[in-house]
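> What follows is the residue order along each chain.
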Amino acid sequence: MNSPNNKNGISEEASTDNNECSQIARTLHEMTENLEEGGPDVVIEDVIAYVHQVLHPVLDNSVGKNIVRYRAWNKAYREATRDRVEIEKEIEKASSEDEHEV
Amino acid sequence: MCDNQSDQDEFDVESFRDHVQGFIMQSVKNWEIAKDLTQETFFAFWKSSEAETIQGDRRTFLFSIACKQVKAYWRKKKTIPVSNEILDSYQSPNVEYSREEQLANIQHLLNLLREHFTHEDVALMSMKYLDQMTFEKIAVELNCVVSTASDRHQRILNQLRVLAKENPPPDFETGSPL
Numbered sequence: 001m002n003s004p005n006n007k008n009g010i011s012e013e014a015s016t017d018n019n020e021c022s023q024i025a026r027t028l029h030e031m032t033e034n035l036e037e038g039g040p041d042v043v044i045e046d047v048i049a050y051v052h053q054v055l056h057p058v059l060d061n062s063v064g065k066n067i068v069r070y071r072a073w074n075k076a077y078r079e080a081t082r083d084r085v086e087i088e089k090e091i092e093k094a095s096s097e098d099e100h101e102v
Numbered sequence: 001m002c003d004n005q006s007d008q009d010e011f012d013v014e015s016f017r018d019h020v021q022g023f024i025m026q027s028v029k030n031w032e033i034a035k036d037l038t039q040e041t042f043f044a045f046w047k048s049s050e051a052e053t054i055q056g057d058r059r060t061f062l063f064s065i066a067c068k069q070v071k072a073y074w075r076k077k078k079t080i081p082v083s084n085e086i087l088d089s090y091q092s093p094n095v096e097y098s099r100e101e102q103l104a105n106i107q108h109l110l111n112l113l114r115e116h117f118t119h120e121d122v123a124l125m126s127m128k129y130l131d132q133m134t135f136e137k138i139a140v141e142l143n144c145v146v147s148t149a150s151d152r153h154q155r156i157l158n159q160l161r162v163l164a165k166e167n168p169p170p171d172f173e174t175g176s177p178l
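Heads up: the protein sequence lines correspond to chains V and F, in order.
Quick note: the first sequence uses this note's numbering, first residue 1, plus one each step.
Quick note: the second sequence uses this note's numbering, first residue 1, plus one each step.
Calculated directly from the structure, the hints in this document are not laboratory data.
Watch out, some of these pointers could steer you wrong.
[Unchecked claim] Listed next, the stretches of chain F that the computed footprint assigns to chain V, with coverage defined by at least 3 CB atoms under 8 Å from CB atoms of chain V:
| # | segment |
| --- | --- |
| 1 | 16-30 |
| 2 | 35-45 |
| 3 | 115-123 |
| 4 | 133-146 |
| 5 | 155-168 |
[To be verified] Partial pick of chain V residues on the chain F-facing surface, computed with a CB cut under 8 Å:
| # | residue |
| --- | --- |
| 6 | Cys21 |
| 7 | Val42 |
| 8 | Ile44 |
| 9 | Arg71 |
As the structure is a computational prediction, the values presented were derived from the model and not from experiment.
Where is the CB? At the ideal position from N, CA and C, for every residue including glycine.
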């Protein structure tokens, strides 16, 4: 601990960095552990717009609050983020198939 | 000119209608809206064909129009005025101060993720910490090798740390906005 670098040349600072990363990871993990049941009905369109970052700023903040608080909203958020990846994959696939054809 | 016309004849765009509608549906989650946007997509596609603006890659072109339609749809939604009734429905119940602070910090992190990372990065973090998936499963979802998923996760955490330092959570006591 007293030496600035360990035998692999990794500095103490890097080690501290890892701890801070873990803190962030823990904070994100906390979200699932503290999610509550109930809350307002999920408005799926708003959640998707939140993921795409095109929601009215006031609503955006409110939807974000519901996502970190309520299980149902959080589940919808997770699905929306994965759907977005699927959409991008679809475009990429169509694009690469066309390239092969050409 | 003749070759181009011949290519267009061979390309059966209508065979992609269901595919395009399904693609749009993934985002808007409403069949009626998806149908309308599909119609708009094909209209724009044919309009461009008539103008002879398409040079090869017609399927990609079709999907890029669909993507633009979806984006335009969400952009339009953004301009819809927010009624007090809707805002009231989002009001959270009263909870203890510390819990509110904790939620505000988590939301702050989530906002940083969303604003500064690609949607694939956000999906990776969502799968890792919210769905609590293993890197093996995440790699399958993202169509990459396990080490890539793991390295990417570490990179995101490192970048997020820097961002979190540069953008500290809101001062809860002064009530500054998120």
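> Are there three or more residues in the segment 35-45 of chain F whose C-beta lies within less than 8 Å of some C-beta in chain V?
Answer violated; 0 residues pass the 8 Å Cβ test.
> With 8 Å as the cut and Cβ atoms as the points, is V:Val42 at the interface with chain F?
Nearest chain F Cβ about 11 Å off; hint violated.
> Check, residue by residue, whether the segment 155-168 of chain F contains three or more positions whose beta-carbon lies closer than 8 Å to a beta-carbon of chain V, and give the verdict.
holds (count 5)
> If you count the residues of the segment 115-123 of chain F with a beta-carbon closer than 8 Å to a beta-carbon of chain V, do you get 3 or more?
holds (count 5)
> When I compare C-beta atoms, does the segment 133-146 of chain F have three or more residues closer than 8 Å to chain V?
With 3 residues close enough to chain V, the hint holds.
> Given a cut of 8 Å on the nearest C-beta pair, is the interface hint for V:Cys21 held or broken against chain F?
Status holds, d = 4 Å.
> State whether the coverage of the segment 16-30 of chain F by chain V holds or is violated, taking the criterion as 3 or more residues with Cβ-Cβ distances under 8 Å.
holds (count 6)
> Any CB of chain F closer than 8 Å to the CB of V:Arg71?
Check failed: Cβ of V:Arg71 comes no nearer than 10 Å to chain F, outside 8 Å.
> Given a cut of 8 Å on the nearest C-beta pair, is the interface hint for V:Ile44 held or broken against chain F?
This hint holds: V:Ile44 lies near chain F, its Cβ roughly 5 Å from the closest one there, short of 8 Å.
Hint violations for this structure: numbers 2, 7 and 9, all remaining hints satisfied.
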